[in-house]
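**Student:** Join the two chains, each given in its own frame, into one complex according to the hints.
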Amino acid sequence: MKRRQVLAAGCACCASMIAPRTWAQTTPDYSAPQRFQRPDIASDEGGLWAMMDREEKALRRSPLVLRDARLTGYVQDLACRLGDGHCPDIRIFLVRTPLFNASMAPNGMMQIWTGLLLRMENEAQLAAVIGHEIGHYLQRHSVDRLRDIKAKAAASQVLALFGLAGAIGQFAVMASTFAYGRDHEHEADRIGAYLMHRAGYQVAESAVVWNNLLDETRAREGNETSETSPLFATHPAPPERRDNLARLAELLPGGTAGKDPFAAHTAHLIDEWLQDEIKRGQYAESLVLLSRRIKTGSNPKLMQYYRGEVHRLRGQTGDHDRALDDYQAAVAGDQPPPPAFRGIGLVARQRGQKQDARQAFARYLDLAPDAPDSALIKSYLAELDS
Amino acid sequence: MKNLLVLAIALLLTACASVKKVESGANLVGERMSINVDGNWNHFDFPGSKPAQVWTMEGITIDELLVYSGIRDGQVMHQESSAGSRQKDFAFRKTMQTEEIVSMLEGVLSRDGSTFKLLKLEPFAFGGKKGFRFEYERIRKIDNVQMRGVGFGAVDKEELFALVYQAPRLTFFPRHQSRIETIAKAVSIQ
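Residue numbers (this note's numbering), protein chains in the order written: chain E, 3 to 388; chain U, 17 to 206.
Covered stretches of chain E (in silico footprint by chain U; criterion: 3 or more residues with CB under 8 Å from a CB of chain U, positions within the stretch not fixed):
(1) 54 to 66
(2) 98 to 110
(3) 281 to 288
(4) 373 to 384
When the alpha-carbon atoms are kept at most 30 Å apart in a straight line, the in silico DSBU-like pairs for lysine-lysine are as follows:
(5) 145(U) - 380(E)
(6) 356(E) - 173(U)
(7) 157(U) - 152(E)
(8) 104(U) - 297(E)
Residues from chain U that keep clear of chain E, each with C-beta distances beyond 10 Å, as calculated:
(9) 43
(10) 44
(11) 48
(12) 63
(13) 72
(14) 76
(15) 77
(16) 78
(17) 86
(18) 90
(19) 144
(20) 145
(21) 189
(22) 198
(23) 202
(24) 204
The set of hints was computed from the structure by calculation and includes no laboratory data. Heads up, the beta-carbon is just placed ideally off N, CA and C, and yes, glycines get one too.
Just chain U, with the same shape it has in the complex (with noise of 0.2 Å):
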């Protein structure tokens, strides 16, 4: 059952979703951060994605590369709670310490069910600025899948920065974490 549901959300996201390939070099996301890539990366849109840009190299039901750029004071992180849904929405605050914007993206990650473990939660220079990194394990809800995830983030002028990669733990996420990195350490915010 749990194919056939991965299946049909597959089959939807296709169906609105648009798929164009990243370039190699810089990207500009946003207005602000400019991201270094090379390989083989797909920018997938598909309502729902937003405010993040969700990138992708094995396909989206595997791996995810999220990009935040600019994200600003109240912001909500995800798509927002349809109208009469009691679900609270993770918003980001502009006063937020560097445990809290985590602990945010750990709830945003964790909103469809999926458990989330924090690994490790150190200090990070991310596109020259005072910044953080994170490693968490995480078990997807939807197909009982163990991931594993990176992410790098940092505030400045009081709008968000950040990337999170996750993919499963034990081939594909070892495949592209040293990328991933690479990436991470080469963002420039302007």
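Next up, chain E with everything else stripped away, as it sits in the complex (with noise of 0.2 Å):
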């Protein structure tokens, strides 16, 4: 890297430590460096590219990354369109992971979970996130980051452990993964923010995708912060950051959502996404979720059971009616979602409703007959009629 980058990088940095507060009342503008260059291997700023790289070679083989080329390729044209000259050095990996959290490599490699993913209502809101990641990548703070952990004194246990080598490991996935300090993540919002309005979003999204996730967190324990997103847990407050990119968006109005564009490209996947994210258990989280996107009208039959799946999981006084509501309502009309009957069978059957337990767990046989719980579902309609 040249001297007069490592400047340019420096000097925005501590113009970002010098001024949080006013970051948001002036129009932001934002000149990016030119493209980077591999790192001398000695350095150790070359030394965390090569890990990354050799992260990179496995996430490559990884099963768990997305293998759907269209969906890929939407993400990465994103990826592009705010990448302000960099594009060809961003490289994106789906990854299925149902928690909320993206991240970017100093080698270009960016991940982006399902969970993010889900969470989602249109472009303009993965723009911010994909935004906010490209603004600490091309402002190197993950290198940042490096040198700062291996300034502390943590390093000898991990040297003692895995020798030179895995502590240039551990050092890599820490400085990548983990939280930013403060004046990083303002630098990286309002870099994103930019990036986004460059490149035609509705920058008031980026303040929409915190505000979803506060309404998450406090739905779980009344709380503001999130210890299950890497990417909420950094030293701005939520609500203070969704409050400053709130008023970023009004210096930098107008521009699209793009609800129409991501819904076309994730519409296939979602149901998948879904499993994964009542999986977790976290139903108080999911609850909100599955309400919003109910209210906001995108894909509410399907909604509608998964939200009753959580009623009927969760098992709380009064879950059972909320479930049995919401499968009723995702049965009625055209194309319900086998499922559906299979909960309410379930509930029936529980509270000895068998003719009702029965009639629907016939229904769900005649739609799924394949279904992975079909031996079970016969066995209990067997019991039913004897």
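**Tutor:** This is how it looks when you write it as structure tokens:
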């Protein structure tokens, strides 16, 4: 990296440190650095790149990476529109993990987890997250983070365990995936908003992302922060970030949300992502997410079926009634989700409502004769008939 | 990096774990479940393994047989989250139907970010009780290994008894599946 670029990055970082209160009060502007050259392997940054290259090689083979060329290409194109000339260096990996997270390594590898994609309502919201990560990348925050971590004392224990090579690896992972500092986050938010605006997206949607996440965390335990989302576990309080982004949106008006293109590229995967979401057992969060999606009218039958599932599995007082209401709404009209009939049958069976259970189970098997649990449901029918 | 992570976990587990041979023949687990085994099984006891007993034939990073015996109403199915953690625990409820128990086990097995896909769920007489059997696929998050698994369970006197076996799908699972099925058929619950 050239000295001028180091100075530029340093100045930008310093600027954000001395002016955290004003960054959202003036019209943001940003000039990205030139594309990065691969650093000398002997340098700490070169070591970081090498480790990330190895991570990327492993990630390419991972069965957790979505092999959906259309969706991956769509997200890659979106990143390119935001990337400010760095498009050739950005490589997108969509990873099947039901948590809200995205990260970008200094070598250009960006991971986006499906738990995050599930929570996006439109293209602009996804652009907000990707723009934020590109902001970290352009300002080389992970390198700053690496140097910061290296300067701290915990290294000796890691060295003892893994030796030098292992220690570099640990640092690399920590630097690329764990929380940045307050100023880095503010700076990435600001750059991300600017990149969004320039690419033609509504900056206000970035505040919506944070607001939606806040709703979920509040529902869980009445708390404001989350441990389950590495993106969320950052120093600036989420409400502060949401409010700052909302102020930025006023300075950067206009743009589109892009709801339809996003839905068109993700609709076929929503069912699988919702199955993964429910397996987390974070029922309060899932209920907020599903209720929001029902309200916004995106695939409401499927959302109502899954909300019914959450209520049934949670099993608190009144949950079976709520589950039944959702299942009934899901099966009304055309193309009901077959498992909603199973849900009706399970609740009815538990309540001793044999006729209702029998009808619902029979309908489920009609619609999904090869369902994984068909043998068990058949045994229930035999039991109800006996 | 993931190999290093797996190695590190193996080292840490080895440092604070105890391993003892599971004797061939009948083994009483808990107060009421008896499991009849043959072959070279080891009981791997480490912090965080309870309330399950973890048995293995090939080694703890390869295959595992989770043995749940006498899980009571409200009991958490894994090491409880630390104080202050907001990750939800999965607990057994005596009123759970079969689907809810399997969903709970799905949650336990995907708690680390692994994926879980149910392949089959059917009735099964487990320990002489009316129970269930299920098969699944899982991609283990920590090392991306594609696993296959089979589980068995029943609720008796408001307590849960279950066996869950999983191993890499290509070699180890097919090698041991019939042995596991034999073990499950021979379980007795007193």
